[in-house]
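This is what each chain is made of:
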Amino acid sequence: MTLWHKLRPYGMVAPAIIIFSLFFIYPIFYMMYLSLFDWNFVSPTKTYVGLQNFADLLADEDFRKVLSNTTIYTVLTVTLTTGLALLLALWLNRKSFFHGFVQGAIFSPHIISLVSISLLWSWLMDPEYGLLNWVIGLAGFEKLQWLSHPGTSLVSLVMVAVWKGLGYNALVFIAGLQSIPADIYEAASLDRSKPWTTFSKLILPMLSPTIFFLVIINMIGSFQVFETIAIMTQGGPVNSTSTLVYYIYEYGFRFFKIGYASASGVILLVIVGILTIIYFKLLSNRVHYR
Amino acid sequence: MLKAVNRTIGSASIGTAAEGKRADVRSGKAVLRKALRAVLQVINVAGMLGLVLVFAMPFVWMISTSLKTLPETMIFPPVWIPENFVWQNYADAWNTGPFLSYFVNSVVIAVGILILQMLTIIPASFAFARYKFKGSGFLFGIVMVTLMIPAQLIFLPVYLELSAFKLLNTHLGLILPFASSAFGIFLLRQAFMQISDELIEAARLDQAAEWKIIVQIMVPMVKPVLVTFALFSFIAHWNDYFWPLVMTTNETARTLPLGIAKIRDVEGVATWNTLMAGNLILVAPILVVFFLSQRQIIKAFVYNGVK
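Chains A and B, in that order, are what the protein sequence lines are.
With numbering that gives the first Met the number 0, the residue at position 247 of the first sequence is 246, and numbering never jumps.
With numbering that gives the first Met the number 0, the residue at position 190 of the second sequence is 189, and numbering never jumps.
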């Protein structure tokens with residue numbers, strides 16, 4: 000074993016590790032550090048303020064609104080997306096050309112830029128000439144204000160998120176369903192087990208790792224929602240759709256309160272971190288029966 | 000089903016009057032069941048078509064709007080097929096900003112990221128999969144932690160970093176943070192681990208240089224995973240709005256998604272025809288690629304979910 004052989008693996012992983020350290024690991028610590036200062040980005044001096052930024056944040060009415068918006072958005076998006084996707088997967092889980100076509104169609108929004116989706120849905124949800132109001136008009140309902148009313152704006156954003164994520168989630172579920180060994184289904188049908196029993200006692204437990212995966216992935220994604228808000232509502236009307244990442248963005252890049260924005264970043268980091276740890280705990284316990 | 004029908008036919012032909020009656024009831028039931036099944040089948044197919052409608056209609060509407068005149072977008076109830084196709088909308092959208100530059104930037108950045116990712120993830124994942132070395136656990140830990148950190152979380156400190164390096168508003172600034180991919184290393188490492196030892200040993204006995212073994216033997220064997228990852232990476236960065244938005248302050252390095260989002264600021268809020276035309280410029284290439292390699296793309300995204 001020459002020195003070259005010993006050093007070779009380090010040389011091979013070095014570029015990747017350097018990139019990760021510079022642009023992912025170090026920034027985390029830098030953000031924690033910045034959260035302890037009062038700084039406006041241009042001034043040469045940073046003033047140390049300890050945990051004052053966090054105290055201010057928790058006392059801030061707007062920030063509490065932002066936290067509650069983000070939580071409501073996340074809970075609604077995750078339950079609707081995961082639940083509906085499971086139903087769709089059970090319905091569409093078959094291998095035929097037609098089924099493949101339907102699966103492809105519901106998946107397609109997932110690869111479209113969020114910019115396009117946001118603009119498209121702003122237009123569909125236009126209160127005057129939008130297609131959605133036309134459709135609900137056909138069904139005999141009153142026109143809705145969608146994004147322009149604080150009562151419906153957040154739910155409208157949830158709708159867009161569900162529309163975008165449903166197909167992807169359903170296809171992950173279908174992949175999960177197809178990984179269940181066929182003899183288990185056969186055994187169930189030999190036992191003349193009722194469809195509901197087969198579902199609740201067999202399919203659901205076997206699918207639980209997939210369910211947990213999707214719930215956590217969807218939660219982590221929803222907690223960081225930004226694009227749809229930046230393009231469709233800019234946090235309005237009256238703060239009804241401002242969420243964490245949008246809040247950080249505004250405080251960092253519009254008001255230049257770097258310490259304050261970093262502190263809210265640290266709070267988001269804690270939330271995402273907890274979710275990630277839960278996910279890995281559950282994953283390592285392998286929550287289904289083998 | 001067939002058995003039940005046979006049985007009813009059989010018993011009807013040889014049975015007594017009473018039995019015949021029972022058979023009539025049974026065959027009636029069978030017919031009913033058949034009809035019910037047919038109805039269910041129709042509902043099933045209709046439901047699936049409805050589902051396709053929910054997901055395809057918005058895109059059809061986008062195309063339709065992009066070809067309308069402005070007054071035509073304001074007809075209520077809406078018209079689906081414009082009276083005259085106004086191709087001018089596409090030119091209008093294209094002329095709201097330096098679109099050629101947006102387009103070139105989008106290509107340069109997405110391709111640049113992809114090339115650098117290939118150069119960094121192939122050796123790294125091979126080393127993690129195939130060599131034993133001190134600290135490999137710790138170093139792979141860094142990869143796993145990175146996999147968990149979303150860009151949305153760290154944009155502020157990275158912005159300050161890039162600004163210190165004078166890399167804001169440059170292609171390099173938009174490429175460098177993604178020059179490697181934790182997800183890519185994770186995927187590729189698994190693929191390399193599945194290749195049998197004998198194959199490598201045989202190549203080593205032939206005195207082939209290690210880099211030659213990697214490039215000429217190992218990489219071709221993991222090609223499907225590489226293609227999968229490349230599709231995933233290219234689509235993600237082609238579509239990205241957040242990162243270029245945050246890391247640029249002027250037009251020099253801005254990409255298509257930013258240009259499309261800006262049409263509204265230039266043209267005013269309600270010019271939906273121009274907006275949808277611009278939107279289509281962004282969406283069309285991705286949709287075309289999707290129709291051409293749907294299977295591969297779905298695999299690329301879903302694989303991430305199943306592993």
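Derived by calculation from the structure, the hints in this document are not laboratory data.
Note that the Cβ used here is the ideal one computed from N, Cα and C, for glycine as well.
It is possible that some hints are incorrect.
[As the list claims (entries may be wrong)] Far from chain B, by Cβ distances over 10 Å, these chain A residues were calculated: (1) Lys5; (2) Tyr47; (3) Gln51; (4) Ala54; (5) Ser67; (6) Ser107; (7) Ile110; (8) Glu127; (9) Ala181; (10) Ile183; (11) Glu185; (12) Lys193; (13) Leu201; (14) Leu203; (15) Gln223; (16) Ala260.
[Said to hold, decoys possible] Output of the computed footprint for chain B on chain A, the stretches with three or more beta carbons under 8 Å from beta carbons of chain B: (17) 17-29; (18) 239-248; (19) 251-257; (20) 261-268.
request  = Quick one: work out the minimum CB distance from Leu203/A to chain B and report holds if it exceeds 10 Å, violated otherwise.
outcome  = holds (17 Å)
request  = May I ask you to check that Ala181/A keeps its beta-carbon over 10 Å from the closest beta-carbon of chain B?
outcome  = holds (18 Å)
inquiry  = Verify this label for me: Lys193/A is non-interface relative to chain B, using a Cβ-Cβ cutoff of 10 Å.
reply    = holds (18 Å)
task = Could you check that no beta carbon of chain B comes within 10 Å of the beta carbon of Ile183/A?
result = holds (18 Å)
ask   = For the segment 261-268 of chain A, do at least 3 residues have a Cβ located nearer than 8 Å to some Cβ of chain B?
value = n = 4 at 8 Å, threshold three: holds.
ask   = Beyond 10 Å from every Cβ of chain B: is that where the Cβ of Glu185/A lies?
value = holds (19 Å)
message = The output says Ser107/A does not contact chain B. Does that hold with a beta carbon cutoff of 10 Å?
response = Not fine: 6 Å to the nearest Cβ puts Ser107/A too close to chain B.
key: Consistency of the no-contact label for Gln223/A, given chain B and a CB cut of 10 Å   = Its Cβ does come within 10 Å of chain B, the nearest being 4 Å, so this is violated.
key: Check on Lys5/A being off the interface with chain B, judged by Cβ distance over 10 Å   = violated (7 Å)
query = In terms of beta carbon proximity below 8 Å, does the segment 239-248 of chain A have 3 or more residues touching chain B?
reply = It holds: at least three residues are needed, and the segment 239-248 of chain A offers 3 whose Cβ sits within less than 8 Å of chain B.
ask   = Looking at Leu201/A again, its CB stays over 10 Å from all of chain B?
value = Label holds. Min Cβ-Cβ 19 Å, cutoff 10 Å.
ask   = Is it the case that Ile110/A keeps its Cβ farther than 10 Å from each residue Cβ in chain B?
value = Label violated. Min Cβ-Cβ 5 Å, cutoff 10 Å.
Checked against the numbered hints given earlier, this structure breaks hints 1, 6, 7, 8, 15 and 16; the rest are met.
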